Amino acid sequence: MTTTVLVAGIGNFFLGDDGFGPEVVRRLPRHPDPAVRVVDYGIRGMHLAYDLLDGWDALVLIDAVPNRGAPGSVRVFRAEPDGAGAANLDAHAMNPEAVFASVRALGGTLPPTYVVGCQVETVEEGMGLSEPVAAAVDTAVAAVVEVLAGLSPDAESAVSPLNDQPPAARQEE
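Here our numbering = 1-based position in the sequence shown + 961.
Worth flagging that the hints you see were computed from the coordinates, not collected in a lab.
Remember, it's a predicted structure, so these values are computed and weren't measured experimentally.
Be careful, since some hints might not be right.
[What the hints assert, rightly or not] Okay, the calculated beta carbon distance ranges per label pair:
hint, residue 1, residue 2, range
1, Glu1085, Pro990, 25 to 33 Å
2, Glu1041, Ala1110, 17 to 25 Å
3, Asp1115, Val1000, 41 to 49 Å
For every residue, glycine included, the Cβ atom is placed at its ideal position computed from N, Cα and C.
Take the sequences, apply the hints, and build the full model.
In structure tokens, the structure reads:
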């Protein structure tokens, strides 16, 4: 793979299911290609914004998301950041829109961005994922591996790594 890909787990493990992204990153197998960098950014949005200035070919965000089905539902979709967001970045929080705005404000351009997201059950204070979200971690790991395979220059151009379907649904198509 000559395509450079940043895989970013984001979320706050002190807020229940918001810690989904870091947990998935923790369980990802080590990728054999040095062009793929996997990082648990947690809530360090500024760190992610600066790392995105390095000119990546693709970004894969792993995050807890609302309004994407039943708790524990994993979806893979292409993020289409709008250019209207303000760069109100809090160094102790993680808001992808603010990160994207900060990258643009710093003169960078965003790479194609893919999200492996899981519908949360709760983001109340407390450590540990809810049962349905914890059960979805392995599904998300498989989805990240699938997205990375789709981004490889060796992947068939007719196969898209994403179509806003759960990984099992994509495999059945």
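Which of the numbered hints are not met once you compare them with the structure shown?
3
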